[in-house]
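Engineer: Sequence:
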Amino acid sequence: MATAPRHGPRMWPRPDLTLIYKNMQCLDWKPLAVVLCSLSGTGPAPAAWGGACADVGRGPGGVEEGLASVLGARAGEGPLRIMDPECSHLLPALCAVLEDPRQPVADDTCLEKLLDWFKTVTEAESSLLLLQENPCLVELLSHVLRPQDVSPRVLSFALRLAGTFAAQEDCFQYLQQGELLLGLFGETGILGWAAWNVPTVRSGWIQGLRALARHPSALHFLADSGAVDTVFSLQGDPSLFVASAASQLLVHILALSMRGEAVERCSPQGSAWPACAQKIVSHVEESLRSTDTPQVTQALNVLTTTFGRCHSPWTEVLWDQLSPLVACLLERDPVPAGHSLVDLLLSVARSPVFSSTDCGLWETVAQTLSRLSPTQAGPLALGTLKLQHCPQALRTQAFGVLLQPLACVLKATIQTPGSPGLLDGTVGGSLTVDALLSSKSACAGLLCQTLAHLEELQPLPQRPSPWPQAPLLEAVVIILRLCNGSAAPSSSVGGRLCGTLAGCLRVQRAALDFLGTLSQGTSPQELVPQVFAVLLEYLESPDSSPTVLKKAFQATLGWLLSSPKTPGCSDFGPHIPLFLGELFPVLQKRLCSPCWEVRDSALEFFTNLSRHWGGQADFRKALLSSEAPTLTQQLLRDPESYVRASAVTAMAQLSSQGLQATLASPEHPETEQGLLKEFLHILSADSEGFPRRAVVQVFTQWLRDGHAEVARDTEQFVATVLQVVSQDLDWEVRVQGLELAQVFLAQKLGQPAHCPYAVGLPEGPSPGLRPEVLRNLCQPWLLEFAFRALFDCDRPVAQKACDLLLFLRDKTAPCAGMQETGDNPCLDSVEAILQRWQAGEQGQSLGDPEPEAMLAVLRSIDLEGLQGRLAESSDHVEKSPQSLLQDMLATVGVLEENEADCY
261 MATAPRHGPR
271 MWPRPDLTLI
281 YKNMQCLDWK
291 PLAVVLCSLS
301 GTGPAPAAWG
311 GACADVGRGP
321 GGVEEGLASV
331 LGARAGEGPL
341 RIMDPECSHL
351 LPALCAVLED
361 PRQPVADDTC
371 LEKLLDWFKT
381 VTEAESSLLL
391 LQENPCLVEL
401 LSHVLRPQDV
411 SPRVLSFALR
421 LAGTFAAQED
431 CFQYLQQGEL
441 LLGLFGETGI
451 LGWAAWNVPT
461 VRSGWIQGLR
471 ALARHPSALH
481 FLADSGAVDT
491 VFSLQGDPSL
501 FVASAASQLL
511 VHILALSMRG
521 EAVERCSPQG
531 SAWPACAQKI
541 VSHVEESLRS
551 TDTPQVTQAL
561 NVLTTTFGRC
571 HSPWTEVLWD
581 QLSPLVACLL
591 ERDPVPAGHS
601 LVDLLLSVAR
611 SPVFSSTDCG
621 LWETVAQTLS
631 RLSPTQAGPL
641 ALGTLKLQHC
651 PQALRTQAFG
661 VLLQPLACVL
671 KATIQTPGSP
681 GLLDGTVGGS
691 LTVDALLSSK
701 SACAGLLCQT
711 LAHLEELQPL
721 PQRPSPWPQA
731 PLLEAVVIIL
741 RLCNGSAAPS
751 SSVGGRLCGT
761 LAGCLRVQRA
771 ALDFLGTLSQ
781 GTSPQELVPQ
791 VFAVLLEYLE
801 SPDSSPTVLK
811 KAFQATLGWL
821 LSSPKTPGCS
831 DFGPHIPLFL
841 GELFPVLQKR
851 LCSPCWEVRD
861 SALEFFTNLS
871 RHWGGQADFR
881 KALLSSEAPT
891 LTQQLLRDPE
901 SYVRASAVTA
911 MAQLSSQGLQ
921 ATLASPEHPE
931 TEQGLLKEFL
941 HILSADSEGF
951 PRRAVVQVFT
961 QWLRDGHAEV
971 ARDTEQFVAT
981 VLQVVSQDLD
991 WEVRVQGLEL
1001 AQVFLAQKLG
1011 QPAHCPYAVG
1021 LPEGPSPGLR
1031 PEVLRNLCQP
1041 WLLEFAFRAL
1051 FDCDRPVAQK
1061 ACDLLLFLRD
1071 KTAPCAGMQE
1081 TGDNPCLDSV
1091 EAILQRWQAG
1101 EQGQSLGDPE
1111 PEAMLAVLRS
1121 IDLEGLQGRL
1131 AESSDHVEKS
1141 PQSLLQDMLA
1151 TVGVLEENEA
1161 DCY
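For the sequence shown, position 464 (counting from the first letter as 1) is numbered 724 according to the numbering used here, and the numbering increases by one without interruption.
Certain hints may be false.
Only pairs whose alpha carbons sit at most 16 Å apart, straight line, appear in this in silico EDC-like list of lysine to aspartate or glutamate [unchecked claim]:
#1 Lys881 - Glu842
#2 Lys849 - Glu800
#3 Lys1008 - Glu975
#4 Lys810 - Glu800
#5 Lys849 - Glu797
#6 Lys937 - Glu969
#7 Lys1008 - Asp965
#8 Lys810 - Glu864
#9 Lys646 - Glu715
#10 Lys810 - Glu797
#11 Lys1008 - Asp1070
#12 Lys937 - Asp973
#13 Lys849 - Asp878
#14 Lys539 - Asp484
#15 Lys539 - Asp489
#16 Lys1008 - Asp973
#17 Lys646 - Glu716
#18 Lys1071 - Asp1054
#19 Lys373 - Asp1147
FYI, nobody ran anything at the bench for these hints, they're computed from the structure.
Let the sequences and hints guide you as you build the complete structure.
Structural biologist: In structure tokens:
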């Protein structure tokens, strides 16, 4: 401890390579590290030797050259070092700051970064050598054992740091010699301090133990120090984070103690297991027998994590030993910790260890399904149905449990005899009826859970077959009508359900989501009118909230797009034209809603429907006979920017389909020149970014699709748009403008295939790219926009500009056929202007330079290097361990210059 710190890397003496080579002829590769270390006189092989020795003999120079490279790296000639000298020089001062209670301790972020750095160092190097090179670290760990001189934050950091170092067994033994670990983690250590009452300290204690528990020596320490008993008590910690970490640590210790143990060595009772494992299992058994529900929950959580993470044969023995105690929980009334019990059973069922064994698991699952409340049994039923391998009888039972709430709703409201496939096999659901009628929140919670589970199950290949599409569709329609008051219940239970569910937004949203999912299946045609009728009720109702209306629009779109088309004079089946005639008046009403969320949802629905059905005669007839296009055009001037952006997208879609309204009006004479003029006005004058972004996205899509408004004069269109975009303050608008420019260049240049026979041939003019085409491409307005964007202060803009210029250079350089311009005054002028732009002086324009000069400048810029620099994080220059240490010291004035980075 008293020796002065050495701030440089340890210099390893170079052994005799000839002697090593002779030893290699009689040794296998694994003990080679021992031979190397014995020659250097260092004792046990550091961890880094193992990775280095794996590369010995792989080089082209043979074994001797490989050994030389490895040993040379350890001799200070290569990159392998314990720590940078600069960081090693700063560590003593930093440790002194952390030890001094009068100094303001760095914030948690800096300590976390510091701990991450130490983890990185110890993963690649020997922790023992690190401590020997930097004894100030050991002094820091020793100092925190004085309770009056340390803050809880530093104590927590030191506990985790000690665990990080002790993860390597040789360093663990080194720290044990001074009883540091016993003082930090033992029963006689910090557990009795006042700082132990701080959750951060308890959490750091657990994390430190978790870090060091990686080798046999740690297991002996855990057993002898009483740490395991402390972890048991921390399972019930008032801090949920500490309690969860304690359970995770128990699983980690159990898995570590069982590492390498074979099932054949273990008796069915596990009496031959290691001491730590037996202690943990005994604690779990005791907890499962407890009448205290929190204690039962703790045990179930430990087992759930164990079976979820550990898939070794010993877990089967563990389940055989504990499953009777788990089954005994089902005999209690009520069943304790139902949700945790479900998690455990699904964790065991998903484990590959139990995929081909008959361990009584399925009987326990079946019994649990029948004993739990409907709310608790639902997740178990869904999880059972999602299993790949499960007995058919259990699947049938699980599906019945899942359907029971809907079956009760049908039974309470239906006017005719029961629907086969849903009501059958679900009798005896008195618990479900009680749950539905107990309270409004319980009824809503159970129905929402059931609908969400069925929605998740419907698209899966493991879903039950046959799938009861018709009864499910009927049930969800009835639930929606119970919520809006239009149902006519046939029983007292149905009447109570109608009163309970009236106006329940949660159930409405869940039911509409599931109704939209059911549109993917094949439904009886006689039920489709009922679906459209209830959807129309929700779209028309003034009581529908904005979120419910949005989901109603989404479900309506799903059912419309999934409707089968029939051959003949009509594009659709018999229900669609009638529904469209009723839909558009409702849509017009919603487009005029005082609520902007409703107007936005209506526009989104209208846009999607036009995109998919714009070419269908029935749809075009219904649309053009409505006022929807005119109202959409008026929403281009909506006071809400989100609505204006959606109106831009909708009008663009209508224009692409030839469905837009006449854009002339006395109030806005400027719109007589067409939609393009209107969009350009929005792009240049709208005060919000969302509509402007939408306009540029529309223009880009129009350019891709060859829209009529663009095809008249593509070059003039692109030039006009880029002139406006270049002045926009929104970086997303500028990025989209660069995307527009790239689409334009790609269309002009094409995507020529690479010819493998062109290698080594002299470059010449490409037949597909004539000089006049190059001159048209190298217009000043295009390249000036791209070059200005290259020096943009917003990195995404500069990255996109770099990609665009790389694309242009790659497409023009191989086939331009131009000679180097040499000392061209025009070239010098362009380069000088670009340098001023890079310095932030953006006032001067490029003027009208020759295309040859522009391409020469393009080839002279290191775009690849710029692209790499732009890809780096903004703090890459100062994101280093040395910078972190300097900043932590600067905050307390230890360094002369107080220049702290902003983290």
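Engineer: Mind listing which of the numbered hints don't hold for this structure, in increasing order?
Structural biologist: Checked against the structure, the hints that fail are numbers 13 and 18, while the rest are satisfied.
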